[in-house]
Structures are given as C-alpha cells and as structure tokens.
Amino acid sequence: MLPYNLYLFFVFVAIDVPSLKCGDVAHLSASESADKLEAVPSLSTAAVSSPVPAVDTGFSFSLLSSFPEDLEVSDYCSDLLHIFGQRYVAYVNCLVPAARPVKVCQSCYSTYGSVVEIYKNISSDQMGPGNVTCRDSLLRSDRLMLVYQLYSNLESLWEDSNCAQCVTGDLESLTNDTLYFMSTLNQTLTCFEKYQQGNHTELCKNCKSAYGTLNVLYSQMEKNSTLCIDIEDAMNMTRRLWSKNFNCSFPREENVPVIAVSSFMLFLPIIFYLSSFLHSEQKKRKLIHPRRAKSNTSLMNIQDKLS
Amino acid sequence: MANITKKVSWSSRGDDSALTGEGTPLLNGTEIPKPSRKLSGSGSVFRIGRFSTVDLEDDITSEEDPIRGRPKEIPHNEKLLSLKYESLDYDNIENQLFLEEERRMSPMGFRCLEISRWVICGLIGILTGLIACFIDIMVEKLAGYKYQVIKENIEKFTEVGGLSISLILWAVLNCAFVLVGGIMVAFFEPIAAGSGIPQIKCYLNGVKIPRVVRLKTLVVKVIGVICSVAGGLAVGKEGPMIHSGAVVAAGVSQGRSTSLKRDFKMFEYFRRDTEKRDFVSAGAAAGVSAAFGAPVGGVLFSLEEGASFWNQMLTWRIFFASMISTFTLNFFLSIYHGKPGDLSNPGLINFGRFESDSVAYYYYEIPLFMCMGALGGLLGALFNSINYWLTIFRIRYVHRPCLQVIEALLVAAVTAAVSFTMIYFSNDCQPLGPEHNEEYPLQLFCADGEYNAMATAFFNTPERSVRSLFHNQPGSYNPMTLGLFTLTYFFLACWTYGLAVSAGVFIPSLLIGAAWGRLCGILLASFTPTSPIWADPGKYALIGAAAQLGGIVRMTLSLTVIMVEATGNVTYGLPIMLVLMIAKIVGDYFQEGLYDIHIKLQSVPFLHWEAPATSHWLTAREVMSSPVTCFNRIEKVGTIVDVLSNTSTNHNGFPVVVQVLDSDEPAKLCGLILRSQLIVLLKHKVFVELARSRLSQRKLQLKDFRDAYPRFPPIQSIHVSQDERECMMDLTEFMNPTPYTVPQDTSLPRVFKLFRALGLRHLVVADDVNRVIGLVTRKDLARYHLGKHGLEELQLAQT
Numbered sequence: 001m002l003p004y005n006l007y008l009f010f011v012f013v014a015i016d017v018p019s020l021k022c023g024d025v026a027h028l029s030a031s032e033s034a035d036k037l038e039a040v041p042s043l044s045t046a047a048v049s050s051p052v053p054a055v056d057t058g059f060s061f062s063l064l065s066s067f068p069e070d071l072e073v074s075d076y077c078s079d080l081l082h083i084f085g086q087r088y089v090a091y092v093n094c095l096v097p098a099a100r101p102v103k104v105c106q107s108c109y110s111t112y113g114s115v116v117e118i119y120k121n122i123s124s125d126q127m128g129p130g131n132v133t134c135r136d137s138l139l140r141s142d143r144l145m146l147v148y149q150l151y152s153n154l155e156s157l158w159e160d161s162n163c164a165q166c167v168t169g170d171l172e173s174l175t176n177d178t179l180y181f182m183s184t185l186n187q188t189l190t191c192f193e194k195y196q197q198g199n200h201t202e203l204c205k206n207c208k209s210a211y212g213t214l215n216v217l218y219s220q221m222e223k224n225s226t227l228c229i230d231i232e233d234a235m236n237m238t239r240r241l242w243s244k245n246f247n248c249s250f251p252r253e254e255n256v257p258v259i260a261v262s263s264f265m266l267f268l269p270i271i272f273y274l275s276s277f278l279h280s281e282q283k284k285r286k287l288i289h290p291r292r293a294k295s296n297t298s299l300m301n302i303q304d305k306l307s
Numbered sequence: 001m002a003n004i005t006k007k008v009s010w011s012s013r014g015d016d017s018a019l020t021g022e023g024t025p026l027l028n029g030t031e032i033p034k035p036s037r038k039l040s041g042s043g044s045v046f047r048i049g050r051f052s053t054v055d056l057e058d059d060i061t062s063e064e065d066p067i068r069g070r071p072k073e074i075p076h077n078e079k080l081l082s083l084k085y086e087s088l089d090y091d092n093i094e095n096q097l098f099l100e101e102e103r104r105m106s107p108m109g110f111r112c113l114e115i116s117r118w119v120i121c122g123l124i125g126i127l128t129g130l131i132a133c134f135i136d137i138m139v140e141k142l143a144g145y146k147y148q149v150i151k152e153n154i155e156k157f158t159e160v161g162g163l164s165i166s167l168i169l170w171a172v173l174n175c176a177f178v179l180v181g182g183i184m185v186a187f188f189e190p191i192a193a194g195s196g197i198p199q200i201k202c203y204l205n206g207v208k209i210p211r212v213v214r215l216k217t218l219v220v221k222v223i224g225v226i227c228s229v230a231g232g233l234a235v236g237k238e239g240p241m242i243h244s245g246a247v248v249a250a251g252v253s254q255g256r257s258t259s260l261k262r263d264f265k266m267f268e269y270f271r272r273d274t275e276k277r278d279f280v281s282a283g284a285a286a287g288v289s290a291a292f293g294a295p296v297g298g299v300l301f302s303l304e305e306g307a308s309f310w311n312q313m314l315t316w317r318i319f320f321a322s323m324i325s326t327f328t329l330n331f332f333l334s335i336y337h338g339k340p341g342d343l344s345n346p347g348l349i350n351f352g353r354f355e356s357d358s359v360a361y362y363y364y365e366i367p368l369f370m371c372m373g374a375l376g377g378l379l380g381a382l383f384n385s386i387n388y389w390l391t392i393f394r395i396r397y398v399h400r401p402c403l404q405v406i407e408a409l410l411v412a413a414v415t416a417a418v419s420f421t422m423i424y425f426s427n428d429c430q431p432l433g434p435e436h437n438e439e440y441p442l443q444l445f446c447a448d449g450e451y452n453a454m455a456t457a458f459f460n461t462p463e464r465s466v467r468s469l470f471h472n473q474p475g476s477y478n479p480m481t482l483g484l485f486t487l488t489y490f491f492l493a494c495w496t497y498g499l500a501v502s503a504g505v506f507i508p509s510l511l512i513g514a515a516w517g518r519l520c521g522i523l524l525a526s527f528t529p530t531s532p533i534w535a536d537p538g539k540y541a542l543i544g545a546a547a548q549l550g551g552i553v554r555m556t557l558s559l560t561v562i563m564v565e566a567t568g569n570v571t572y573g574l575p576i577m578l579v580l581m582i583a584k585i586v587g588d589y590f591q592e593g594l595y596d597i598h599i600k601l602q603s604v605p606f607l608h609w610e611a612p613a614t615s616h617w618l619t620a621r622e623v624m625s626s627p628v629t630c631f632n633r634i635e636k637v638g639t640i641v642d643v644l645s646n647t648s649t650n651h652n653g654f655p656v657v658v659q660v661l662d663s664d665e666p667a668k669l670c671g672l673i674l675r676s677q678l679i680v681l682l683k684h685k686v687f688v689e690l691a692r693s694r695l696s697q698r699k700l701q702l703k704d705f706r707d708a709y710p711r712f713p714p715i716q717s718i719h720v721s722q723d724e725r726e727c728m729m730d731l732t733e734f735m736n737p738t739p740y741t742v743p744q745d746t747s748l749p750r751v752f753k754l755f756r757a758l759g760l761r762h763l764v765v766a767d768d769v770n771r772v773i774g775l776v777t778r779k780d781l782a783r784y785h786l787g788k789h790g791l792e793e794l795q796l797a798q799t
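Protein sequence lines correspond, in order, to chains H and U. In terms of UniProt numbering, the first sequence opens at residue 1 and continues consecutively. In terms of UniProt numbering, the second sequence opens at residue 1 and continues consecutively.
These are computed hints drawn from the structure, not numbers from a lab. If you're wondering where the values come from, they're calculated on a predicted model, not measured in any experiment. Each hint should be verified, as a subset may be incorrect.
Covered by chain U, according to a simulated footprint, are these stretches of chain H (three or more residues, beta-carbon under 8 Å) [what the hints assert, rightly or not]:
no.: 1; stretch: 236-245
no.: 2; stretch: 253-264
no.: 3; stretch: 267-277
All C-beta atoms, glycine included, are put in the ideal place defined by N, C-alpha and C.
Modelling step: build the complete structure from the supplied sequences, incorporating the hints.
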C-alpha cells in the first residue's frame, strides 16, 4: 500500500496541477497518505500543502490567484467554516469578561455548546450536500491545521476549568449541585453585606452558620468531585473575605495550656536521666587479664629496648 | 616514647597499681621459657588444675600486685573488647571427614550445589522483598490511621478550644506504639535495637554476634520498626530492612529453623559459617536494595562492608538476590497500589523523580556543593559526638530493660510535644496546592484554604517529609520554618538513635540534611535575585541530604550509588560523590562514623582493613596469647571435659600436638580442633574403647557436625560418666590437619593481613621446630588501635 501511495504522490507532484481527471483520486490518496506518512512529515506536507487555497482570496498570491475547482473547498465547507468562526468569536467574547471573577462555566456553557456542535459537523464523516466531507479539507490539509488548533485550545481550556462537572452532559444547563451551591453562596454573601458595616466580630458571630454550611457543602462537593473553576474561585474569594478581610479565623488563645503541657513533657526526661544517674548503679565491666607471653616482650619493655 | 605512657593512662583513671599488669610478668608468663613441657594426658589435667583460682592466688602472693586476684571493675567505655564475641569459622576445616565427603560427591552433586546457591539467592530476594512490602504497608496503614485521628481531633479542638488535649492525645498515641516496640526489643531481643547495620557490619567482618541472625530477632525487628515509625519517632525503616535481609538469608540458606524446630532437610551442605556468611552478604544487599530501590547500591554496600572475601561469582549472585528483591517489592507494591504489573515503583523510600528542567546544574555550583559537603561533615561529627556521649550514658546507667522502655516512651512523648509546639506557634501558612501533595494538611490558625507549612514537616512520616522537601514548589517553606525544623529534628534524631527500639538513622539524617539544604537553596536564590533559576531548592535539598547522611554514617561508594539510584538520575552523580567525599574527610577529622562508634561501644573485636599504621615493630610473639591449652592427638576424655568446662578459659580452638614416644622430645603441632567439634564428639561418644567394643557403631560423618550447627550444646549439657572419663578419644580424623601457622617473629601487619584476608579464627604461632608457643585470635589483633596518642591497646572485659 505504502509504496503505491508514495508512487502516486510523486506522480502527483511531478504532473502538478494540470492533471485533471485523476486529480480527485490523487488528492484523496495524497491526504490519506498524509495520515499514514506522519513519519516523513516534510515530504507529505510539502506535497499536500499546495492544494489548499485560502478561502478569503483577498491576500492570495497573484501568481496563484485561484486553484482549479477540484482543489477548492466546496461552498458547503466554507459555510461551515464561516459559522465556526462566528461562534468561536462569540464564545471568546463571552469568556474574556468572565475571566475575573471567574464565571467561565456559568456564563459561557451555551456558547461553548454551539462551538462544539459546529465542530462536530466539520469533523464528522458524513457527506454533506454534493457528496463532500469537510473533515479532510478543513481540518488536516496543511501543516498549521488552524481550525483544529483553535478548537483544541478551547477544549483544553474547558477541561482545565473542569466546567464539565458543573454543566449537564448536553451542555444545556447548570447542574443542580451548582445551582444549589450558588444559592448558598448568595446567602452567605448577603449576610456578609448585612453586617459589613461596623464591628467584624458581629459579622463573624452572625454569619458563622451560613459560612459553615457553605464550607461543608464545598468539602462535600470536593469529595464527590463536582467542583468547577467557578465554584472553586467563588469559594476562595469567600474564604479570603472571611479570614483576611473580616479576620474570622480561629485566634491562637491557648498558649498557656499548650506551653504548660509541653514543658511538663520536656521536664520528664530531665527527671528521668537525673534519677537514673543518681539511683541506678553504674554498670561496671570486669577486666580480664589476657594470657600473654613473657614480660620482657610487653609493649613497655620493647619501648625501653628501642630507646 | 610518650605514646606508651599515654597508653596506660586511659585504662583506669589513675589507678596505677592495676596497670602494672601490662608490665609485670603475667602469671602464665613464668611458664613460657619451658613451653615444651609435657603434654601427656595426666600432665594436662594437672596443668589445667593450676589455672584454677586457688592456684592463681597462691602464685600471686609472691608478686606485688594484690589486685590481680579478683577481677578489676571499671565503668564501661569504648576501649574494651568484650569476651562474648567470637569469630566465625570462615576457614574450611579440611579434615578427613571432609575429604571423604568430597570424594563421595559426584560432579553432578557439585553442580546441584551451585544451582541451589542460586535458588537460595532468589529465595532471599523474594522473602526480603516481601518483608519490605509488609513493613511498608503496615507503617502506611498505622501511621495513616494515627494521623487521621489526631487531625480530626485537632480540627475539632481548634474550633472549640482545648488544643492541649490534642497534644496529649498525640503523645499518648505515640507512646502506645513505642511501648509495644520498646517492650518487644528490651525484653525479648535486645540485639534487635537500633538499625542493625553495625551488627551486620560486624558479622560480615567475621564476628559472630550472638543471636543476631535468629528468627526471633527478625520478628522483633519487623514489629519493632513498624511500631517505632508509626509511633512518630525520628527514625527510618531502612536500616532494619538491611538487618532483616541478613536474617532472612541466614535462615533460608540453612533450610531449617532451630527456633521453630523445623528441619526441611534442605541445603544441608550450607550449614557452615563459610557458606552462611556469603549468603548473609547477599541478604544484606537484598535488604539495601529493597529499602532504597537500589540493587547496585546493595551490592556495593556488601562490598564496602564485608568485602574481604569476595569473588566474581559471589558478586554476581548477590546482584541477583538484590534484583529479585527490588522486583518482588515492586510487584507486590504495584498490586497494593492497585496498578498490578507496574514495576516502576521504587524501593521503600521513594524520593520521587526530579523533573528534567530542575536537574541542571552548572560549574559554578560545584564549590557551593563542596561547602555544603563540609557543613554536612561538621554537623555529622557533632551528631556523632552527642550520640557517643549519650550512648555511653545509656550503657552505664540505663541498662535495665524497664528503664530502657521508659526512656523510649519519654522520647516519643517529647517528640510529640515538640512537634506540636512547633506547629502551634508556626505562622508559616501556605495555600493548598492543586494536586494535594500534603497527606494530612493541618489548618490550625491559618486562613481557610491554607495549611500550616510546619505541619508538612512534622505531622507526617519522616519519609514523606523528605519527599516534600525534595519536590515541593519553591516557596512552599519559609526559611524560618526550615531553620527551626532542622534544629529540632537534629536533636530529636540524635536523641532517638540508640534507644531500645528498632530504628534506622538513614531517613532522619536525610531529613535534617534536606531541610538545611533547602534552606541553603532558598537563601542562595534570595542573594541572587537576578537569576534565581539555578538555585532550585529541591536540588539543594538533595545535596544537603547527601552531605548530612555522609557526615553521619561516612559511607562513600555505596552511599553515592544508593543516592543516585534512589533519586533515579545520574546527573547528580558527580555532585553527590564530591559532597560525600568532603563530608567524610571533614567528619573524620573530628569523630568517627556513627556505626563505627557503636561497634566500638559494643566492645566488638572488629578488624579494620589494615593493621594500625605504626605497628610493624610488634611481632607475633607479643601479640599472641600464651601458653596455649593443647590436646594430644589421642586424648583422655576427662581432660577434654575438664578443659571445656573451665569457665575462666573459654577457649574455642585447641592445637593438637603429637608426642613422640620418649617423653623428652617436645610435642609438635599436628592439627587444630574446635570446641564445637569436641562437643559433637563427646555427645556421640566417639571413644576409642567404645569403638573397639561396638564394631557396628556408625561412623561419624560431617552431617553430624552440621546437624548440631549453629547452636552447639554447652558442655554442661553433656553427661560424661566417671568410667567414660577414663576413655581415650582419637582426634586425628576430626581435627584440621593443616592449620595456618606463623613464625614468632612475624610482624603484626603480616599476621593481620593473613587474618583479614583468609578469615581465620585461630592462627598458631610455632617456633622453628614446630612447637606451639602461642595462639593468635581476633581479640589479640583487634586490641591494637591507633588512638590520639599513638598505638593504644584495648582491654578485655566481661560484658
């Protein structure tokens, strides 16, 4: 199979554009082989990149003002591409304002759904009108693979933000958990607002239950892994408000008992060692006198002899 | 020659009258001029009688030293040699039985032996790996449970107040674990205390440490180490793993368990010290390899610690055992972690992998690393000195088991108290990471969503703390936190090592080093704000850990390889090597390595690589023990029994001499026989008269000696009737007919080399006509050592 494809390839490159009849076949097989020949990308992409023209011909080279019809992208495909562009822009327009405080999941899930839908259409195998499929021509006819790249960027954003856990499977609405969390959050925030003026100890006392419920709910959702970036961020902000702004963390007020208990424990070994030093009898070793050869050869005498 | 006057000054704090023993003629010395005295049967009995205390005192009255009569007592110190340690019989006894067996054995038989050696090594690897796996899982479970309980308690009391109760709970839980471990060790098997590496080192050096490779020791060791790690002490489980591997090897290679009284009738050929010791070195290697996931490091550890008897095949077999042990551990841990078949899980301690972008280091960092090595050496020497004084105190005053258990409990409680106080007063709060590196994050007084950074260091098993110090993001620790942690943990670890619990010192050392290493990294990065990329704190933590560990244990080759293998990257090979080298040089200037200190304090007759440097003027005549208790080739049973049961002279080897018929001729050396052999002979009543009367009596075989190995019954348990005392015993067949001998003018280093290289136990000193004039044993050689004031001599003591 492979050598045949390669062969075709070279034929295609050699004959170049004017080969009309077999152009279609050559195109197909060429892009197929582009899949299979990823090991030699320079060759395949070099060969395949030429048949893809820009849809907007406004800035195309004057020499190659247009390709013959066979190599042009069909109208159907360029329509799809157009819609993709519009929805993409809509989604990004939605995302950017939602960046801080993070609301990317709750405000943009529907636009994301539309992007997914159109991309599905583009990448599907099904033949559109005129027996064309846009997958090959739009997604992988060139080295850049712009459409694919754009989409996969969005996809990885979506995955990083864990939005899938807050949105129902069909991207139609937020999950009940999320909605419930949001309402609890709102309660807490209203409570904060209510007591914000004046003494913060008041706030700490009065909002404690609401904040506690929220915390419990959050850790429960953490366990079930139904958290998305919106919830995490909202929780982070609330916690920061609670701990840093309102200073409602637990105070360190038990210094005396802790110091007392630990110094008592530190004191015990001193007593132990002292008492064992004073009361325990010291372990003595009995020296054994080895049997040695005659005295005049002992160390001392050797030394004497030497000196 | 001030050296020698100094030599005598240490032996007993100014009590000079006792010292005359060194210079005065020894009681027995008077007999030396006539070593050729009669050694006929009756003569021997007489002579032995003369050594009894009564006669001794009679003789002493004529001398000026009244203290000699009763043994002198001195406090324990490091300059003693204990009598309870004996040598291993590494040398083959080529007696007639041995030759006979060899003749009977077919070439096929030898091949089977070789194969079974491999099988045993495989078994050693598998069992060691399983034990490592067991320890790991148990520690993880128990410690996990403990920290969970405490964490919940702390969370509860942070809210409502009463945190001192959490502190007490922590201390009580620690104490409960340590109590179990301490009681096991102190009351059941004291030899299982500590890391076990000093003991294994001695065993591989050729010293038989009583009970060190028993099954009971293994059980106590394994339970002890689980308890002490779960009990939150500043200890690791790696040293005990090495000991466990050695015990497994000693057990498996014998094909039976004397403790369980089960004999599988396997591997009977290997029931000798020679074979056993080879297998023990394989077991130690397997232990290292399971502990650190470092098979090559394990082999090199055995090589470094016990390499006097080494050949290529043995090395290869040991490597096999190490590999199998790592493999087994990986395999079972992969099942435990729910990823069966994933064999990439490294050893017990998992240092984690260093990411590729942080491993780079540059030439200008090498001087920094070397400075860190020097610092590690200094801190290691300090650690060792403190531990030395502490250990002496413990041996002298805290020697009763109940006191030892109480001490361990106190250490556990104080560890908890200190850790808790540190955590309580720490202001270092860090945001929780996205992937939750921290196993048990404690919030305490930190803002919600943050955790206490001090708690990641203290509120964790030491291994996890090491890992987080190596790998946590830059900025996850304050310099203040690290400094306090280093200081506290240094003293805790130093205090803990030497307690009556099974515990290793590897991990605590690594932890201390990693903490100050990371501190160095952070400080360096803050000094050079322009390019902080190269000062990755994790890298400096690793170098610091290596420096600290090298400064404490002073191993070089094997430690480098272990560190490289445990971190899984060769890039740091050079820095680690340099650091360990410098740590050793600097540390040795002040104090010996921790293991050597403990070997010394145990009074073990340990033979180093070389004889002391300035000892060439000593000859075998000065070194040897004399006179020697000899036996005739055909000896009276009564004589043998009397000699063996004499408690004051607990000899193990007896030269066998042959008496030419006319009694004027001196007796000449013709062989050497061991106590254990004599005991077996007496037990089987191999007497000349009986052999004549009962012709059908089965001939004694080598198997009978092996069956009694390694616990030969004491002489008291062998009953010899009055009639039998008059019988004669022919030792010709059983003695080693060609013992090594040296002339009396041989220098000490020559004798030493012979001893060390051949693994001898007894070396006969003979004169020009082959008369026995003395016997050199391990203790005679080990007593010379190079002290601060030249050559010093250690004293023998009963311990």
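To see whether the hints hold, each was checked on the structure:
1. Counting residues of the stretch 236-245 of chain H whose beta carbon lies closer than 8 Å to any beta carbon of chain U gives 6, which reaches the threshold of three, so the coverage claim holds.
2. Judged by the Cβ-Cβ criterion of 8 Å, the stretch 253-264 of chain H is covered by chain U as claimed, because 8 of its residues qualify and three suffice.
3. Figure legend: the stretch 267-277 of chain H, annotated as covered by chain U; annotation consistent (6 residues with Cβ-Cβ distances under 8 Å, at least 3 required).
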